[in-house]
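Number of protein chains: 2
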Amino acid sequence: MRMPVPLPHAHRLLNHGPVTLVGTAHGGRRNVMAAAWVMPIDFEPPKFAAVIAADTLTRELLQASGECTLMAPTDAQLALTHTVGTQSGRAGDKFERHGLTATTGATVAAPLLDGCACWLECRRIPEPHVESAYDLFVLECTAAWADDTLWRDGAWQFVAQGPRTIHHLKGGLFFLTGEARQAPR
Amino acid sequence: MRMPVPLPHAHRLLNHGPVTLVGTAHGGRRNVMAAAWVMPIDFEPPKFAAVIAADTLTRELLQASGECTLMAPTDAQLALTHTVGTQSGRAGDKFERHGLTATTGATVAAPLLDGCACWLECRRIPEPHVESAYDLFVLECTAAWADDTLWRDGAWQFVAQGPRTIHHLKGGLFFLTGEARQAPR
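Protein chains in written order, with numbering that gives the first Met the number 0: chain A, 0 to 184; chain B, 0 to 184.
Next comes chain A alone, as it looks inside the complex (with noise of 0.2 Å):
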C-alpha cells in the first residue's frame, strides 16, 4: 500500500542513488522514462535536481506542465525500467504499450505508476540556466509517498529475498540494493 511520508523524510527516499522513473502529463499526453541522475540536494522544502535530456517528450512535458512524479522502482520492474529508458515516448503512449497502470498525484497531475518502491511529486522551480547548459532540472517535492512493505520510522526495511530498490550501472546492467550496514556511533 501507498503511505504518506512527510516532507522532511522525502530525499531519504533517493539519498542512497537508486535508478528512477520520471512521470509527465500534459495536455492529454503522458510519459515515462528512466533517469539514474536525480538525487537530492535539499531536505525541508525537499528538492532534488534530474538531468532530462534536451530532445525526450519527458522534457517537452515537464517544461510544459512544471511538474513531475520522480519513482524509484523495484527488481521486478528491472526489465521494465530498462525498456523505458530506452524506448520514446514520441513512438507511442508507454502505459498503454506496457500496460502500466498508474494514478494521478495528489498534489500533480503527473503520473504515479503502480508497483515503485516510492513517489515523489515534484514542481519544477525553473533554472534556464542550468537547464540549457547541463540539461539539469531542480525540482521541489510537494508530496511524497513509499510502499508501506518496504519503508517503515522513516527508513527503508529491505529483508532479504524481497524487493529491493536498483542502481543502474550501463546498458540495463543494475546493481540491487544490498544488505544494510550502520556505522559505529
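Everything hinted at is true.
Here are the computed distance ranges between Cβ atoms for each label pair:
#1 A:Val-158 / B:Ala-90: 34 to 42 Å
#2 B:Gln-156 / A:Pro-127: 40 to 48 Å
#3 A:Ala-179 / B:Pro-125: 33 to 41 Å
#4 A:Thr-102 / B:Ala-132: 31 to 39 Å
Covered stretches of chain B, as calculated for chain A (at least 3 residues, CB under 8 Å):
#5 39-49
#6 68-78
#7 133-143
#8 153-160
#9 169-179
Simulated from the structure, these hints should not be mistaken for lab results.
For glycine and all other residues, C-beta sits at the position ideal for the given N, C-alpha and C.
Position chain B relative to chain A; hints supplied.
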C-alpha cells in the same frame, strides 16, 4: 592497484549512486568529507554535480583551489566515511587524526585517499547562482581511476564477500551495493 579509467567511462564510476568522499587542498590545508549528493550529469567531457554545504572547510578549499577529488569508499571504509561526514576539518587535519594516507592527483593537487574503489579528479566550473542558491557545484572530471580488483572492462565487478561501494540512507546507516542483474536485451 589504481588503474586509469578512460574519461568516456568516468560517469559509470558513480552512476549507481554510491556515497562519495570529497577531497580538497589549498594553501597547505587539505580535507576530506563525505557527500551523498553527488551524481554524473554528462558523459564527455564527464561532468558531475555535487552539493557542498556553505559553511564547510571543503567548500572553502574547493572555491579557493577550483579543484576537488570525488571518491567512492568501500565498505571497509564505512565507519571512516561516517566519521569524516560528521566531523569538521576546521577542528584539525582529518588525515593526521585518522591516520589516512593519500597521494595528490595527476591533474589536481587535491588528495586521492588510499583504499577507495575509485577516484575522480575534478575542476570546478563556476556556476555562482546555483552554488549560492542550492550549494550545488558543477565539476568537470579531468582524470579518473579505479581499483583494478573491482573494475574491469568498463564496469564494476563486485563479487560475493568482496569489497563493495556503499550507499547512504541516513545517520550512518548504509546499504552495500548488491548483486548485479542484467535486463533482457
